[in-house]
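From just these sequences and the hints, can you work out the full model?
For the first sequence, my numbering begins at 1 and goes up steadily by one.
Keep in mind that the hints are not guaranteed to be accurate.
[Unchecked claim] Label-pair distances were calculated between CB atoms; the ranges are:
1) E168 / L606: 27 to 35 Å
2) S24 / L187: 40 to 48 Å
3) R672 / D106: 46 to 54 Å
4) G207 / P129: 32 to 40 Å
5) T98 / E18: 25 to 33 Å
6) L187 / V419: 27 to 35 Å
7) A282 / D468: 34 to 42 Å
8) L544 / D209: 20 to 28 Å
[Unchecked claim] Simulated crosslink set (PhoX-like; lysine-lysine; CA at most 20 Å straight-line):
9) K193 / K214
10) K225 / K214
11) K302 / K354
12) K701 / K668
13) K302 / K289
14) K216 / K421
15) K151 / K193
16) K421 / K225
17) K733 / K668
18) K19 / K151
19) K816 / K835
20) K97 / K469
21) K271 / K151
22) K354 / K453
23) K798 / K816
Treat the hints as calculated values from the structure; they're not laboratory data.
Every residue gets a Cβ at the ideal spot worked out from N, C-alpha and C, and that includes glycine.
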Amino acid sequence: MPRYSAADIEAKWQAAWEKAEIFSARRSVDKPKYYVLEMFPYPSGRIHMGHVRNYTMGDVIARYKMATGHNVLHPMGWDAFGMPAENAAMAIGGHPKTWTYNNIADMRAQMKPLGLSIDWSREFATCDPEYYGQQQALFLDMLAAGLVYRKNAIVNWDPVDMTVLANEQVEQGRGWRSGALVERRELTQWFFKISDMSEELLSALDGLDNWPPKVKLMQANWIGKSRGLQFSFSTIDAPIGHDRIEVYTTRPDTLLGASFIGISPDHPLAKHLERESPEIAAFNAECRKGGTTEEAIETAEKLGMDTGLRVRHPFDTAWELPVFIANFILMDYGTGAIFGCPAHDQRDFEFATKYELPIISTYLPSDSSSDELSEAYVPPKTEKVFYNRGFAGEAWQTGNEGVDSAIAFCEAKGVGQGVTKYRLRDWGLSRQRYWGCPIPVVHCEACGVVPEKTENLPIELPFDVELDKPGNPLDRHPTWRNCACPSCGGTALRETDTMDTFVDSSWYFARFTSPQAKTPTDLADAEYWMNVDQYIGGIEHAILHLLYSRFFARAMQITGHLPESANEPFDALFTQGMVTHEIYQTRDDRDRPVYHLPEDVTDGKLADGTSVTVVPSAKMSKSKKNVVDPVSIINSYGADTARWFMLSDSPPERDVEWTAAGAEATFKHLSRVYRITTEIAEMTDNGPRAEDDSLLREMHKAIHEVTQGIESFGFNASIARLYAFTNTLSKSKAGASAQKQAALVLVQLMSPVTPHLAEDVWSLLGGEGLVSTVPWPIADPDMLIDDTITLPIQVNGKRRGEISVPRELEKAEVEKAALEVDGVQRALDGATPKKIIVVPGRIVNVVV
RNA sequence: GCCCGAGUGGUGGAAUGGUAGACACGACAGAUUCAAAAUCUGUUGCUUAACGGCGUGCCGGUUCAAGUCCGGCCUCGGGUACCA
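Quick look at the structure:
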């Protein structure tokens, strides 16, 4: 009797797959194509359980699609540029390039034992010059197409290290290395004109039927389409060039509730005033402290300063309003100026209270009689409101209609125009960092900013850089910057900004269709393989990465690098949850937490007998030490155990907790399957038995339900069904032939999840060829329907018993049988039913 | 702050508006064993002697029927434009 030895089996079958080259993808018209892609990893050096979960899901889909007759493309690559490589170089010496490529080699070696059905011949890293050179070509085409431009933008500035910081490098408003208070500073940056596509990116969401609704909603909110009024206030005695202040509002129906004007500290008027007034300069400087994130700005204490300037209300020129500079107004959104309406906006209400500004109510709840407000009243769009300060008796019945009629009213009076705005801002792609794709332009004294010639690509990163101090080493490099102007041939300087790493990951899916092409894509290959049929990755990418990729797909169509048919990058999207683990913690002598690795904890104790505190499960992270290394799991139990457990217990979109007990239990189960099926393989034929039919019925139900589970990303449901079918098979008294048939189907159904075990048992049972290449079993619909069904009987919605009846029994007969049930009689206690609801095949409810 | 999700036994979780707790872990009992491991069989939401009662984060609503739909909260998680 063979024993389940994962190590032997897995090596054996991985070698067999490699020899048969069953995973290399080639264009073919014989079968429908299917492109399955998991978000490619950042090469941190170690794979973690989140990777195992992500790639196992993709692998199940890829293997299942292969078995259902598809020509599958399932590639893998590396999102290899980014800050961690530079940080590692600064912290431990070495070079980002060496660090990155070593990590890739390590991770590939850790990934291969998982037995994924990946076409490794298509592998690339985004830091390969062959890849980023094509990205530079793409950039130049986008520049020529008018999709790229330069403008000033605000960055986090560390005044001590004299460098730009990423948001992640700002901790509580201070630089993570210097500890200096961070300032917001303007810098000239490169931008993609993604905002030109706001409407297209928004409306095309409707066509993404196989995306999670929550992701589409998040993207729609992010794009943030709004209808409002753009108009201006005329200023009184303001500096030249500032005789009007332009304002955008989505609530023009509250215009008569205006009590102040707020402008951003970065508004041109605020900047003008700070040159004349030391107080305003000091206030603006105060406002610019802290990081650039929306969260930091929105949660900071609301600060305002009266500039002393006044504006006139557009409906009453005698009505003067003060102009404040306020730290919560973003120059990037709208016009960088607002009118404050404290009665109907909570933030304005608090601001008005703090600076003793009037609170003027323009409408009230319909059931209210007083216009005294203790907080802002923002009417729900469906609620009727009573306008106590409507314009000229205009009747706006609801908040929603109120906006539209207010816009019409204002336009008729010549006060501004109704406009549609989007919250989406252009994508700033400049980074003042080394380990990224160089932006392929030069700065010429004579010609200005000039694109590099395509034949000079790739513009490669120099290897000899000094990373020991903060800032961009490309700026400090002695020679790299020097070049000839592509236009006039004179001396010029290279751009030292590199590209945001989101650029790298915004088109890699297209590059996988022809990774060796001498242009960004090969159109014939892209035409054949695009779009990605199924994309799988974390919900944390719901907005930025996915929106940028959607933008790039369109930009690549415009520049001729994707065919018309590739309208969206990802036809179907699935967002999987995280892998979590308990945290084991003790305290040091100063009561600070000390964390311990799961492998060092046995039964709640460390090796020296110290008890640990168990903190509830959280995302696996190195700092909390609640990590489990997939490699050690594979070494002790095998890849199939890791794969099965990662999919078994939790629905794929939710977080899953890794438990040692769960992994052990999975291994036991797989050993049991191996034992049961290999015992069946050794049975000798004993003719048909009476039990054959019920086993084969169970088999067809298992085929049906496991298949449905895979099709709908209900891997946990598929696995629960596989457990149940295994239990049925192990207890079955059916004949050897029926048992063998059922066992073959069992391992076939298991093969996408545990491909190695499935191959081995398949061959022991005498299955033909590789189970990986055998067509998926099809359930016989006749075998799925039972003749007798069980109907639960409720009285007033509470279950009181059940009846077993023929499937097609008449309704009257069902009612009669239901009333005879003991529990129903007891519950009725002599009462006469008012109504009996029979849901055919489902339930009976007796109402009294 | 704002946007989006999630919350069900001791644990992970199942459930087209139709039997709440499938399947699994753990626990308990039994078989096997000199004993243990492994394996096999059974029990297992809480409460009750039983009938029954209660039960899906909290409060309220719609419905013959609500974990599921609606309104209002609470807690946790993701994102918040330079982490990837």
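Violating hint indices (sorted, rising): Violated hints: 3, 9, 12, 17, 18 and 22; rest satisfied.
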